[in-house]
Each structure stands twice: as structure tokens, then as C-alpha cells.
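Visitor: Sequence:
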Amino acid sequence: MVTKLNIPCVWGGHLAGILLKNHAAASVKTPTTKIIGIHGWLDNLNSLLPLAERLIDRHPNYEIYLYDRAGHGFSSHLPKGSDYSHAYSLRDLRTVVQGLGWNKEKFSLIGHSYGGHISFTYAAAYPEEISCLVTLDSIIRGEFSSEPLWENVATRIDKNIEYHSKSPKSYQKELTYEKAIELVRSSRRGIDDESAKLLAERSIDRDKHNKLYFTRDESLKNLHLLPFTQHSAEDAIKAIQASVLCIGMLNPQWSVSNSSVELLKKHIPNFEMILIDGSHYFHMAKVDEVSKHIDQYFNKYLK
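Numbering (UniProt numbering), first residue to last: 1 to 303.
If you're looking for bench data, these hints aren't it; they were derived computationally from the structure.
Check before you lean on any hint, since a few could be wrong.
Said to hold, decoys possible - For lysine-lysine, the following DSS-like pairs were computed, each having C-alpha atoms within a straight-line distance of at most 30 Å:
| id | residue 1 | residue 2 |
| --- | --- | --- |
| 1 | K166 | K4 |
| 2 | K166 | K179 |
| 3 | K104 | K29 |
| 4 | K238 | K34 |
| 5 | K80 | K4 |
| 6 | K238 | K211 |
| 7 | K265 | K300 |
| 8 | K292 | K4 |
| 9 | K238 | K208 |
| 10 | K80 | K34 |
| 11 | K265 | K34 |
This structure is a prediction, so every number in the text was calculated from the model and none was measured.
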């Protein structure tokens, strides 16, 4: 049972989302387990849809909310010149929680890639609210740069101003559904055909002339004005009270912060890390395996 549920934001736009429930939920007497899923950079909520559907099928008492982050999928773009920063993403997630009315009870988070980073920081900012945190190919870490911090900030600001001072790009070639799928697939290493099709469904729309276009905000590709530091990552880990499960790759596409892993082991009593074979989108290709790991973890630690 899927209900479209868009949530208005303080910056004037909305976040497009869906609430998933099991048809048998009304007859279940066990308490409801509430979960919010957060997708990664340049993806959309369909990234987590197969996993959410599998969890809902197995657990009639689950409610799962998925949403397109700002500038992604069918959600609004931030106003021109805005920074798609970690802070903005965190505020949007808080808006989602309040919009659902879940800020007065415990719930869990499942985040893929950058969505996992957002989940980590939310669990640190609002530690009393989160029961379990599950991240998929994501362990919180600081951004690396060879430049000193404030030189890096200055470079990012200047490039950001330059980007927003230019006229928007116009694409002359007509986009087709097949071409959109191919572009989604070619830009995501290791993704399978079915997963690429699913992501493409919420990556494109039709304009007033009935022509297809990619819905994402191109300014998402700008670096955040203020880098997220390793110190911030370590502070976040120390503030988290939730149980944390990190499901990662045997052969990761990006390096994993060993210092963050060691800190998670030290400060999170119920921390577990599981490595499986697959690409960055293993959660879409190996739904059964990933969902079983989540089930086992929730059975042990979900409060």
C-alpha cells in the first residue's frame, strides 16, 4: 500500500515522497516500526524502493517513508544560488520527520551512500529519536583536500559564484526514455539494467512541450561551500545513541575511513559491520541478502 505524501519545506519548495504500509497492518497488534529511507547523491527514492517493499512484505507492522531529496527526482530545486549543503539536507530531513509527526517517538533510518552520511548526522543531532541506523555503503567521514581548509573554502566559493553567474546549459539533442536509461547506467559503475530503469523512472519528466528532460538540479554537482571535516564526523559518532549497522562492499569503490570504523567500534556498543560482494548499488541488486541482514539486526537491537 503506497501513499504519495509530499512535504512542504521552509525554503518554499516541497519534497516528493511515498509512505509504504502493509495491507495487513490494521490487523496487526504489535507496535508499529517506523523507518525513513534516504537515497544517495544524484539518485532518487526508487534507489531504496525494492528494499523497502521487501521489508514491508515481511513485516506488516512496518511503515517506511521514502523521499526525493531537494533537487532530485520529483522534489523541488532549491532557489538559485543556494548551496546543497549537508546542513540544508539535515534541515530537510528534520522537516520530513516533523511533517510525518514522528519527532515524538522512536524511529529508524536507512541511508544509502550520501544518504547514509545524512543519517549519521541526524542520529547525532537528535540522538533520543533514533532506534537503529542502517547505512548502505556509507561510513561517515570528512572530505579530503590537499588545500588548507579556508583556502579550500575560498576556492569553492569562487567556483560557485562563477557557476551561478553563467547562463543555464541548454541541451539540443532530444532525450528519449532509452537514452535516459543508458545515461543512468553509464554513470553508475556496476549497476544492473533493472536498477538503472527504476532510477530513470524518477530521474526524468516531460516539459510543457511534452519533451523529456532530467529533473535533477545541475547545481548539485557543485561542491558544498563549507567542507564536512573529519572532526565533525568524529563528533557525530560520539553523539550517536542508536544501534548502528553498516553494510558495505568487499571491494569498495571509495576508500573507507578506518578511523571512523574504529571510533564506531569504541562508542557504539551494538555496532556491526557486514561486507558483501557487489557494486555500489548492491542494495538494489541483492535485495534478499541485504533485507535479511537488516532483519537479523533489527531482531537483536530494535527497541
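Visitor: All hints are to be evaluated individually against the structure, with a verdict given for each.
Guide: So, going through the hints one by one against the coordinates:
1. K166 / K4: violated (36 Å)
2. K166 / K179: Answer holds: K166 to K179 is near 27 Å, not above 30 Å.
3. K104 / K29: Given that 30 Å is the threshold and the Cα spacing comes to 21 Å, the pair holds.
4. K238 / K34: The given pair, whose Cα atoms are some 24 Å apart, holds under the 30 Å limit.
5. K80 / K4: holds (27 Å)
6. K238 / K211: Roughly 49 Å between the alpha carbons, so the hint for K238 and K211 is violated.
7. K265 / K300: holds (17 Å)
8. K292 / K4: Given that 30 Å is the threshold and the Cα spacing comes to 27 Å, the pair holds.
9. K238 / K208: Roughly 50 Å separates the two Cα atoms, so the pair is violated.
10. K80 / K34: Roughly 34 Å separates the two Cα atoms, so the pair is violated.
11. K265 / K34: OK: K265 and K34 at ~26 Å, within 30 Å.
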